[in-house]
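Here is what each chain is made of, one letter per residue.
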Amino acid sequence: MNSPGKSLCLFWNSSIGKKIVVAVTGLLLVGFLLGHMAGNLLLFAGRDALNDYAEFLHHMLHGAGIWVARIGLLVALILHVMSTISLTLHNRAARKEKYEHEATVQASKSSRIMAISGLIILAFVIFHILHFTVRIDPELANMPDPNEPGRHDVYGMVLKGFEGPFVPAFYFIAITLLCSHLSHGIASIFQTLGLRSRKTEGSIKALSWLVTALLWVGFLIIPMSAYFKLVSDKGHASTGLIQQGTVADSTGYSPGLNRVQSAIQQGTVAE
Amino acid sequence: MSSLNSAIPSGDLAEKWTKYKATAPLINPANKRKFSVIVVGSGLAGGAAAATLSELGYQVKCFCYQDSPRRAHSIAAQGGINAAKNYQNDGDSVWRLFYDTIKGGDFRSREANVHRLAEVSSNIIDQCVAQGVPFAREYGGLLANRSFGGAQVSRTFYARGQTGQQLLIGCYQALEKEIARGVVQMYPRTEMMDLVKVNGHAKGIVVRDLTTGEISSHAADCVILATGGYGNVFYLSTNAMGCNVMAAFRAYKRGAYFANPCYTQIHPTCIPVSGDYQSKLTLMSESLRNDGRIWVPKSADVAAKIRAGEMTAADVPEAERDYYLERKYPSFGNLAPRDISSRSAKEACDEGRGVAKSGLGVFLDFKDAINRLGKDAIKARYGNLFQMYEKISGEDPYSVPMKIYPAVHYTMGGLWVDYNLMSNLPGLHVLGEANFSDHGANRLGASALMQGLADGYFVIPATLPSYLVNETPGKITTAMPEFREAEESVHDRVNLLMKNGTKGTRTVDSFHRELGLLMWDKCGMARNKAGLEEAIAKIPGIREDFWANVKIPGDSTQVNMELEKAGRVADFIDFAEMTCHDALNREESCGGHFREEYQFTEDDPDVKSGYTNPGEAKRRDDEFSYVAAWGDNGPGKKPELIKEELEFEAVKPSVRSYK
Amino acid sequence: MNLTLKVWRQAHADDRGSISTYEAKDIPEEASFLEMLDIVNEQILEGDSGEEPIHFDHDCREGICGMCSLNINGVPHSKEQGITTCQVHMRKFRDGDTIWIEPFRAKAFPVVKDLITDRTAFDRIIAAGGFIDVRTGSAVDANSLPIPKEEADSSFDAAACIGCGACVAACKNASAMLFVGAKAAHLNLLPQGEPEKDRRVLSMVRQMDAEGFGNCTNQYECEAVCPKEISADVIAKLNRDYAKAAVKEAVAT
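Residue numbers (my numbering), protein chains in the order written: chain C, 1 to 271; chain W, 272 to 930; chain D, 931 to 1183.
Just so you know, nobody snuck in bad clues.
Partial pick of chain W residues on the chain D-facing surface, computed with a CB cut under 10 Å:
| # | residue |
| --- | --- |
| 1 | 403 |
| 2 | 450 |
| 3 | 513 |
| 4 | 545 |
| 5 | 553 |
| 6 | 663 |
| 7 | 777 |
| 8 | 780 |
| 9 | 829 |
| 10 | 832 |
SDA-like cross-link-like pairs, simulated, lysine to any residue; straight-line CA separation at most 25 Å:
| # | chain 1 | residue 1 | chain 2 | residue 2 |
| --- | --- | --- | --- | --- |
| 11 | W | 909 | W | 764 |
| 12 | W | 628 | D | 1024 |
| 13 | C | 6 | D | 1179 |
| 14 | W | 576 | W | 564 |
| 15 | W | 638 | W | 654 |
| 16 | W | 650 | D | 1012 |
| 17 | W | 356 | D | 1123 |
| 18 | D | 955 | W | 547 |
| 19 | D | 1009 | C | 198 |
| 20 | W | 374 | W | 425 |
| 21 | D | 955 | D | 973 |
| 22 | D | 955 | W | 548 |
| 23 | D | 936 | W | 829 |
| 24 | D | 1102 | C | 92 |
I should point out that these hints are in silico values taken from the structure, not numbers from a laboratory.
What you are looking at is a predicted structure, and each value in this text was computed from that prediction instead of being measured.
Ideal Cβ positions, reconstructed from N, Cα and C, are used throughout, including at glycine.
Based on the sequences and whatever the hints tell you, model everything.
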C-alpha cells in the first residue's frame, strides 16, 4: 500500500478524485449560501435584527469564528475553482477536434455553461466581497448603526448599496447565473458522491430545483426590495451621516406602494 | 499422405478422456515458458485457448482482424450454451448430451470427440460463472435453464438473448488479464495471410497489418487456428461481414485437409432478404419458436395475394392456414431441428406459398401465444427480439406475424483434426467452428458456444503437450528460408491484386455476390448432381473474371477495405469449388447437406411404417459413413479425397425422426 | 430516396481531413444505414475518379459486436435510441435529407482513416482491471454460489456494454466514465468480483485518465446515446466505489 501522502496525490491527480473535491466543496458552498441567505433575510426583520446578527458573526468565538468560516470558505472556493479549471482544461484537451455538426441530446443548457457561469460567479463573488465585506466604497464603509453607534449599520449599508440600477442589475444577472450553476451543480453533487440512482433521480432533481429556487428568491428579494424601495432606510438620511432615530419604524418593512410613498414622504420630511 | 490417424485413445467411450488426461505427457513449468504458441482468432475458442495457455505458462501471440479481441463473431450468438449439469433434475446426463449431439449431427461425427465435449460441458459453466458471466438466475439465486433447439431436457444456460456476448466478454477479460501480465501479445487489426511450414510442421504465420499494410512473419513452436466458419462463401449469411475462410484455406493450400465443407447449417429463423443491396441477414433467436407458430397459406393463390399486398395474414381464415411443421412433425412441431425446419420452409416457398415480397418467407405468428399468455408475458420473453424485428422490418410483430426465412448460419465442416485437435499437419491445431470435429452434419442449438469454449479452455491445454513434448522450443526463427518464401508469396499475391486492381472495372462485392448467389442456388439448402456440376463448371470462370477485372483503388500500405475484401473473396472462390466437389461426392442426404436425389419416398419401409415422412433426408450409412477430408492438388485441379471411416461403438446410427 | 451526405474524409492518421459531399441516389428505404453507405461506395468505385470508397468500421451488422461507430447528424449511432449505427434503417430519414457523417471524436480515439478510429484504449482499460482473476479449471461448481436474481440482473444491465465508444463520442469531454462504470459495476455487483473490487476500480480509473479521456460533468449524454441503454447509475457507483477504494488505499495497511 502507498503512503497516505502518495495516496492523496493519486487521489487529487485522478479525474474522479478531483470531481469529489468539486462535489464536497460545492456542498459546503451551497450550505454557506443557504446560511448566508437566511442571515440576509433578517433584513426584513429590521435593522436591529440584521445588525445583531452581523455583530454576532463578528464576535463568534471571540472574533475567531468569522475568520475560521472565512478561511474555510476561501479554501473551499479555491479548491472548487482550481479543480474545476484543471478538469475543464483536461476535458478540452480530451476533445480537441470538434464535430462539424454538433448536436445535444439531453444535456441541459445550464450544464453546458458551467465553466462560464462559474467564472462570472467568481467575478461576482469578488465584487460582492469588495462591495459589502471590504467596503471599498467609503460611503458604505462609514455607516454606524443609528441605534448603537458603536457598530456598523449593515442594514443601512445594504439598502444604500443597492441604490442605482447597475448594482441590482448585476446582482440579478449574477444570482440568476449562480442558480443556473446550482441547478446542475446540486444534482451533480449526488452523482459525484455516488448517491444518485434511477430510483432517487426524481427526488434529487426536485430537491435541487427547490434549493435553487429558494436561493434565487431569497437572494434576489433583497436587492430588488431595496431598489424598488420596498424596504426603506428610515434611520439614515441619504448622506448616511445624519442621525434620524426619531422617525425610524421599528420594523422598517413596508408591504405596499402606499407605504413606499409614505416612506419617501417621510424621508423628504426628515430632510 | 492419404491416410488419417484420428488418434482416438483406446478403452471405453466414457473412460477415454479421463484416461487420456491421466496418461498424456506433461511439460514441466520451467519448460513451458520456453514454448511459444500462435493463436489466430480471438473468439470463444481462440480467446479461451490464448488466455488458458498463457495462464499455464506458454508464451502466446494472438491475432485477430477486428480492432479488438472482444469483437469476434462468437459475440453474436443469442440463445445459450448447453451443459450436462442436470440442475433441473429432468434426467439429463453426459450420456444424453452426447447422444443428442451425435443424433442431431445425423451420425456423421466422431463418438470420442463428442463424448469428451459432453464431459467438459459442465466445467465450462463453472468457469464462466467464476469469471462473472451473468447467466440467468432463478429467484433462489441458482442458475436457470431452458429447453432449446428441440432438446427434451432443459440443459441450456443463457444470458438473456446475449449469451455469446457474455461468454465472449468473460473470455476476452481473461485474455486481457494475460495481456496485462505481458504473457500474451495481442495483434488486433492483423490478418493471417499464410501458414509457414518448417520440415512439414506448422511453425509460423505470415500476417498483414491492416492499418499499415505491413507484411510480417511470426514464428512459434506450434500454431492454433480458431478462425471461425466459412458461411460468408454464400455472401449473405448471419456471419459478420469480416468472417472469412482465408486462414483455414491458406492452411489447406499448405497441405492441411479440409473436412466436410458441404455441411452448412441453414438457420430457420432469419429476417427475409429485402433487396439486392442487402449485406447480411439477421438471425432471430430460435427461442421464438417456443411460442411462435410457423405457417403459410394452404393455397398458392392466397400467398400470391399476400405478396402483392392485396391481402394480409389476418385475412386468411384458420382453415386456410398450413402450420406445416405441426402437421409434419406432430411431436416436435415448431421446435423441429434446424435443418428440418429450414428445408420445410424452402419446400413451402418452392410451392409458391411464400409470403414475403420476394416469395421467400413464411409467417412466424404469435397471435395464439398472445391470446393465451397476454401481450405482457410475450413482451417479457421476447421484448428485445420483437423490438429488433420492428427496427429492421418496420412492422410490429405484436399485431402482424413476423416473416422469416432460413439463412446460412453455421458451418459444421472445417479443417480436419484428430482427437488432439491437431490437423494432419503436425503442429497445426484447429479449434471451434474452424475445425470439423464435433457437430457432424448438423449442429444443435446452443452447442457452438459449448464446443468453442470446450476446445479453448479444456481440450487444447490438455492435448497440446502431446505435440510439444517432442519439439525443442525456440529453434524456429523468422530468419529461416521457409518464412522468407512464405512472405514472398504473400507479397506477390497482394501485389498482383493491386496491379490488376488499379485497372479493374468490377467491385469486389459484385464478385462476392455473384459467387454467393451461385452457391446458394446450387449448393444451398438443397443440392443435386446437375446443379453442383454446373457450379463446378462456372466457378473457374468467376475466378478468371475476378483476377482480370476486380477493381481495387488506393494502395496496399495503409487501410484498404477493398484489398482486404479482395483477398478474402479470392479464397472464397477457390473454397467454393472444393465445397461443391464435397457436396457432389456425398451422394446421400444428412443434416445440413440435402441431396434431392436422396430422400425418403412413399415406397420406403420407414415411410410405410409411419416412422418418417416422404421427402425427409435419407442417409446412406453403408457408403458414406465417413469424414470426407480434402487435400489440395494445386490450382484448378480437383482436390484429393481422403476418407476417415466413422466407427460407432456406443450408439447405433438410426433414421432421425422427429415425428 | 435521394440524400446528400456530408462525410468526413481523412486519408490517414496524420492527414488533416475535411468534409466531402456525396449525393446518395435511389436509396431503398428498407436498406440499413451501412447498406446505404455500401451503395454510395459502389457508386464511388464504379465511377472513374479512382477515389477510394468511404472507409468505416463495421462487422456483425446486428448491433452486438460494437465495431460500427459513426456520428450521424451529430449524434453517435444516430438519434434513434437504443440501437447501433448498423441497426439504423433508412426509413427513418426523408427524401432530400442532408446527413452529416463523422467519426467518433476523442483524443483517446485517434482517427485511422475516414470514419475509422482506434479504440484500443478501451482494451487497455479492461486489461488494467476489468476482469475477475480466475485460472481456468479452478472454478467451483456454478451453483455453489447463489446470487440473488436482482443482483445478477443489475450486473447484467451493466455487462450489456458492447464497447463501441458512443459514450465517449457523445460526451463533450470525451469521457469514458460510462464504459468504465459499466465494467466496474458488472464485476463489482457480483460476489465473484468482490475480492478485487478496490484494486479494479483504482487501476481502471487510473488507466482511463492515462489514456487521455476527459471526465464526467454529469450531463448524461452518454446514457442517452448508449445503444445498450446503460444507465448513468453505473457512473455514480464507480464514483462511490472509487472514493471508498481511495480511502482504503490511504488508510489501510
